[in-house]
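Trainee: Construct all of the structure, not just a fragment, from the sequences and the given hints.
Chains as they are written, first to last, in numbering that gives the first Met the number 0: chain R, 0 to 293; chain W, 0 to 85.
Keep in mind that the hints were calculated from the coordinates and are not lab data. We treat Cβ as the ideally placed atom computed from N, Cα and C, and that holds for glycine. Watch out, some of these pointers could steer you wrong.
[Said to hold, decoys possible] Taking lysine-lysine pairs in the BS3-like style, the calculated list, with each CA pair at most 25 Å apart, reads:
id	chain 1	residue 1	chain 2	residue 2
1	R	K65	W	K67
2	R	K65	W	K65
3	R	K138	R	K89
4	R	K89	R	K147
5	R	K169	R	K26
6	R	K138	R	K26
7	R	K169	R	K89
8	W	K67	R	K264
9	R	K26	R	K65
[To be verified] Among chain R residues calculated to face chain W with C-beta under 8 Å, some are:
id	residue
10	P104
11	Y132
12	I175
13	Q176
14	Y180
15	P204
16	I207
17	T208
18	N210
19	R215
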Amino acid sequence: MTQDFDLQRTLREVQLNGYLALEAQYKDNHRFFTNTMFLRQAIDEARVQQGFTDAEVNDVRRTQLKFITNQLFTQQVGGDHLFENLNNLKIDWVYTNSTANRTEPNTRDYRYDENDDGSYSFSRRADSNQISYGELEDKDVSWRMDVKLPLEFDNGFGVSLNSGFIHQEKNRESAIQRFTYIPVGPDGRDSEVLAQSSLEDILNPTYITPNGFQVRESTRSTDRYNAHQELLSYYGQLDMNFFDAVRVTGGLRWEENDQFVETFKATGNSSESVVTSVKKTDMLPAVSATWFIN
Amino acid sequence: MGFNEGTSFAKGLRYDDGTRSLAPSVAEKTADGSTLQPQTPFNPDGSTPQELQNFGQDLSGVWDVKPKTIGANFLLLGVMVKGSWQ
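Mentor: Below, the structure written as structure tokens:
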């Protein structure tokens, strides 16, 4: 496909970022920390592109008005602990809670087509106009803990016992609604009405009537979905060191994954829920050996 | 080319003030996940022509792109603190 468009775009972006970190330490063995992060971005955009596409006889002019916000809020709390009187047992842990949002309210797309005399009229094509509203929210909550117990023996043999778990829960809700004005009466096909340069003079109460245009929902079946994932994994690992010459590491990781996605199928003017799920347990053993050559 | 009148930056950090929200009548009609479709013999729960006219008029607003002077992009750093106690 050959296309040749001139694009004019005005974009303004505003960002707000914040970060707060606090840390407390008791001697050299115990540390607690907390991190809080906030990011927000807002983008306001207007764009007009006009030109030739070999899919059409005459030039087309597409206009889009869009406002998007993205936001992330993350809170993290954790600690590192070393217990010398328990044979240098080490415990690390962290809890993270994040929420991300994206909104795209009232995005407007429309199209004007060039006439044979060089003027432009509101397009009669199926993609002549659309208003859409989009929202997405992601939530992520996770726990992690790792425990390490080193054991040293007199004969040059050392063992490290490691274990830990991660629990992660993610949720997503996403929804887009789309609307389109279609011609249903003579005013909607009247070339004098369509030739008005301002779409606000066309898609207004005078012509949004049974004699002109009527709104239809053009939301797609894939535009709305919810998804969930819960993952629990834990592991045990043995790390053996023989005389600083050979190191053997072996372990087992166990994962339980529970996941589903819910989409919606349009039926008449209602929507029917369709759920697809995966529930799976994996056992992942691993062994490795390293020989240090002096 | 500039931004249209409906995209005011007057809110500073621009949490949307509702200007761009879905029209309340349409939001209420579609709140249960249903879609705006015309009433037909096969879809008796659909919207009547009068309802669709009202929804359509409520939805339509600012469409035009008008020249307007806008401010510069900016990045605002909020709190950046790191503390430590021993």
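Trainee: Compare the structure with each hint and give your call.
Mentor: Hints, one by one, checked against the model:
1. A C-alpha spacing of about 16 Å is found between K65/R and K67/W, which places the hinted pair at or below 25 Å, so the restraint holds.
2. For the hint linking K65/R to K65/W, the alpha-carbon distance of about 14 Å falls within 25 Å, and the restraint holds.
3. With a C-alpha separation of about 30 Å, the suggested pairing of K138/R with K89/R is violated against the 25 Å cut-off.
4. Taking the CA atoms of K89/R and K147/R, the gap is about 5 Å. The hint holds against a cut of 25 Å.
5. Simply put, K169/R and K26/R have alpha-carbon atoms about 36 Å apart, too far for the 25 Å limit, and the pair is violated.
6. A C-alpha spacing of about 36 Å is found between K138/R and K26/R, which places the hinted pair above 25 Å, so the restraint is violated.
7. The hinted pair formed by K169/R and K89/R fails the criterion: a straight-line CA distance of about 29 Å is larger than 25 Å.
8. A C-alpha spacing of about 43 Å is found between K67/W and K264/R, which places the hinted pair above 25 Å, so the restraint is violated.
9. Proximity of K26/R to K65/R is assessed by CA-CA distance (about 54 Å); at most 25 Å being required, the pair is judged violated.
10. Using the Cβ-Cβ criterion of 8 Å, the hint placing P104/R at the interface with chain W is satisfied: the shortest such distance is roughly 4 Å.
11. A cut of 8 Å between beta carbons decides the hint on Y132/R: the least distance to chain W is about 5 Å, and the hint holds.
12. The interface hint given for I175/R is broken, as the beta carbon of that residue sits about 11 Å from the closest beta carbon of chain W, more than 8 Å.
13. A hinted interface residue such as Q176/R counts as satisfied when its beta carbon comes closer than 8 Å to some beta carbon of chain W; here the least separation is about 7 Å, so the hint holds.
14. For Y180/R, the suggested interface contact is upheld, since its CB lies about 6 Å from the closest CB of chain W, less than 8 Å.
15. Given hint, P204/R at the interface with chain W, holds; its Cβ is 5 Å from that chain's nearest Cβ, closer than 8 Å.
16. Annotation: interface hint on I207/R holds; nearest CB of chain W at approximately 4 Å, less than 8 Å.
17. Interface restraint check: T208/R against chain W, minimum CB-CB distance 6 Å, threshold 8 Å, status holds.
18. Hint status for N210/R relative to chain W: violated, with the closest Cβ pair at about 10 Å, above 8 Å.
19. A hinted interface residue such as R215/R counts as satisfied when its beta carbon comes closer than 8 Å to some beta carbon of chain W; here the least separation is about 7 Å, so the hint holds.
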